[in-house]
Amino acid sequence: MTSPRRSRLVLALGLGLLAIVLAVAGSCLLGPQPISLRAALDGVEPDRAILFGLRLPRAVLAAVVGFALAGAGTALQALLRNPLAEPFVLGVSGGAALGGTIVLLAAAGLSAVSGPAGALLGSAPPVAAGAVVGAMLSTFLVFGLGRIGGRLVPEAALLVGIVFNAFVAGVITLLKMLAPPDQAARLLYWLMGAIGYESASTLAVGSVLVLLSVGTLGLLSARLNLLTLGDEEAASLGVDVRRTRALVFFAASAATGAAVALAGMVGFVGLIVPHLVRRVVGPDHRLLLPASALFGAAFLVAADALARLAFLPLGTEPPVGAVTAFLGGPFFLWLLRRQAREHDEGVQ
Amino acid sequence: MSPHRLPGPPWPSPIVDVREARHAYGRRVAVDGVSFTAREGEFVGLLGPNGAGKSTLIRLVAGLLAPSAGTVRLGGFDPHAAPRKLVARVCALVPQEPRLDWPFTVRDVVMMGRSAHQGLLGIAGRDDLGAVEGALTACDLQHVAGRRVDALSGGERRRVFFARALAQEPRVLLLDEPTAFLDLAHQVAAMEMARLAARGGLCVVAVLHDLNLAAAACDRLVALREGKVVAEGSPSEVLTEERVREVWGVPVWRGQNGATGATVVLPNVGPRSPAGPGVP
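Heads up: the sequence lines are chains A and B, in that order. The numbers in my numbering rise by one with no breaks, and the one at position 54 of the first sequence is 44. Remember, my numbering sits 837 above the position in the second sequence when you count from 1.
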């Protein structure tokens, strides 16, 4: 990394952190119940409870999820050499949701036999583990079926991911029929991508997992640059392609699994954010990956706050996954059209 | 392989040593018992019709493929089993149609050639910056160094990937059809750069289709057909009328370039062909 690039890295990371701080501050201070920051800091109730018990943890949770999804999205795009790749689109989030669902339902079943054992299985770490395993299995499935004649075909992998998503949605619907009604409702809300703070331990487990996995992706970012050139070229430039790719799979799946365990299926964050950040900082993943993760965090905090505020008059709030899908669906189509156009021009 | 036992210069000669190598894609045998050597300072042209196994052979040398029989040695070690980083320090491959889906600049792409000399995060040191500037200068790319590679012309883009290979500072330079899709001036420039690299002490092995360019620029030619070496030697030894007809199935006239003395072969086609019009 050359020195002008190093200063750009510092600038991008500084701006990303600033964006997170602003988004978190906005998310904490805006809401149905006006609160005073000073009162909250002085320990006056209910301001203190609202800030530290509800809004701040929720904003932090949204930040962690956005950080994970944007980081994983950036890495998957490099791996697939396609800006349309994203944990949700590729079915990785779906696989994680299925994994988490199976653990939750197993917990519900187990609690009929033994209450404490069921509660233990239904707690945060096992559900998160189920989500991570589900994410990994689906990543290997999608990238495995996306190979034609030993070569990864990005378009094929994307199609496999989309079909896999539909398949997973069906399986989850069927599984929900088996669940007791109260469990099913909880499951549905979780899967829709709802940022709801459950417990400090859930958040802590998820955050550690996300930081470790996105940190791993950050360490691999120089190699991600080479992987965008194709397997053979990366190998001839000195990259152990198989091992690097396995590590990226593993880390991106872990980040996605943790994000899904925390907030369900929040789509398109990993698509929108890296794309916009790439336009500003360029294609070097050593800049792009950390900057995308930070702006992803700020983006999801802001989207969650926006969702809450927009539906305030109705006295309800939509899951943030609905908001990101509302923004991300059209964005995906626009990117697809643009890519097709560029391909056309490239052919001429 | 432990770090202190990594092989290093001086490399054994010949630096590329392929013996009785065989490789098949599924049932299709691409390289069938090929023995082939190349030395530092030598420019070797690999010739042959499509499907003769030329590209497979350079991929075996680069360690991207493993031989199913026989041995491949690059600098004395097995390039398929060795750590990729070591292979990349010895050998650079310029692919036929380098792909670039991301908007990297020319300097970024040339700097990627330094990866094998850098740590995990690819922090550029003085050596790296020097090698990149040297490669940009050698390939006449300084004036476009900050431009996006996907905005360049075909000839310039090819030079970028050649510069990346030079920045890699290898001892062996493998070129897969360096002149494909280029106009005449760019073809000549590409061959000149390859020849200069060999004069500079590199072992250059290029897959070529243009027999006359190969004859003019290469020190030695190796002709392959159906996965086997059918002729090897100086251009005038390999490009005889009988050999060309045997390998490519085309009758040719053979002569000499009056200006350079290089061997020239021209296909006997057209109305004045001795075999008659339209008969190859």
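A portion of the hints provided could be inaccurate.
Claimed, not checked - Below, computed lysine to aspartate or glutamate pairings styled on DMTMM-like, alpha-carbon distance capped at 20 Å: (1) B/K1065 <-> B/E877; (2) B/K922 <-> A/E332; (3) B/K922 <-> B/E1006; (4) B/K922 <-> B/D965; (5) B/K1065 <-> B/E934; (6) B/K922 <-> B/D938; (7) B/K1065 <-> B/E1083; (8) B/K922 <-> A/D37; (9) B/K922 <-> A/E222.
Unchecked claim - Quick list of the computed label-pair ranges, beta carbon to beta carbon: (10) A/L1 <-> B/H980: 22 to 32 Å; (11) B/P920 <-> A/F321: 33 to 43 Å; (12) A/A236 <-> B/P886: 33 to 43 Å; (13) A/M167 <-> B/A906: 51 to 61 Å.
The set of hints was computed from the structure by calculation and includes no laboratory data. No experiment lies behind these values; they were computed from the predicted model shown. Ideal Cβ positions, reconstructed from N, Cα and C, are used throughout, including at glycine.
Going down the list of hints, with the structure as the test:
1. B/K1065 <-> B/E877: violated (24 Å)
2. B/K922 <-> A/E332: violated (34 Å)
3. B/K922 <-> B/E1006: holds (13 Å)
4. B/K922 <-> B/D965: OK: B/K922 and B/D965 at ~15 Å, within 20 Å.
5. B/K1065 <-> B/E934: Outside the cut-off at roughly 25 Å; violated.
6. B/K922 <-> B/D938: violated (24 Å)
7. B/K1065 <-> B/E1083: holds (13 Å)
8. B/K922 <-> A/D37: Distance ~58 Å between B/K922 and A/D37 Cα, so the pair is violated.
9. B/K922 <-> A/E222: holds (14 Å)
10. A/L1 <-> B/H980: 22 to 32 Å: Distance hint for A/L1, B/H980 holds at roughly 28 Å.
11. B/P920 <-> A/F321: 33 to 43 Å: holds (41 Å)
12. A/A236 <-> B/P886: 33 to 43 Å: The hint (33 to 43 Å, Cβ to Cβ) holds, given that A/A236 and B/P886 are roughly 39 Å apart.
13. A/M167 <-> B/A906: 51 to 61 Å: holds (58 Å)
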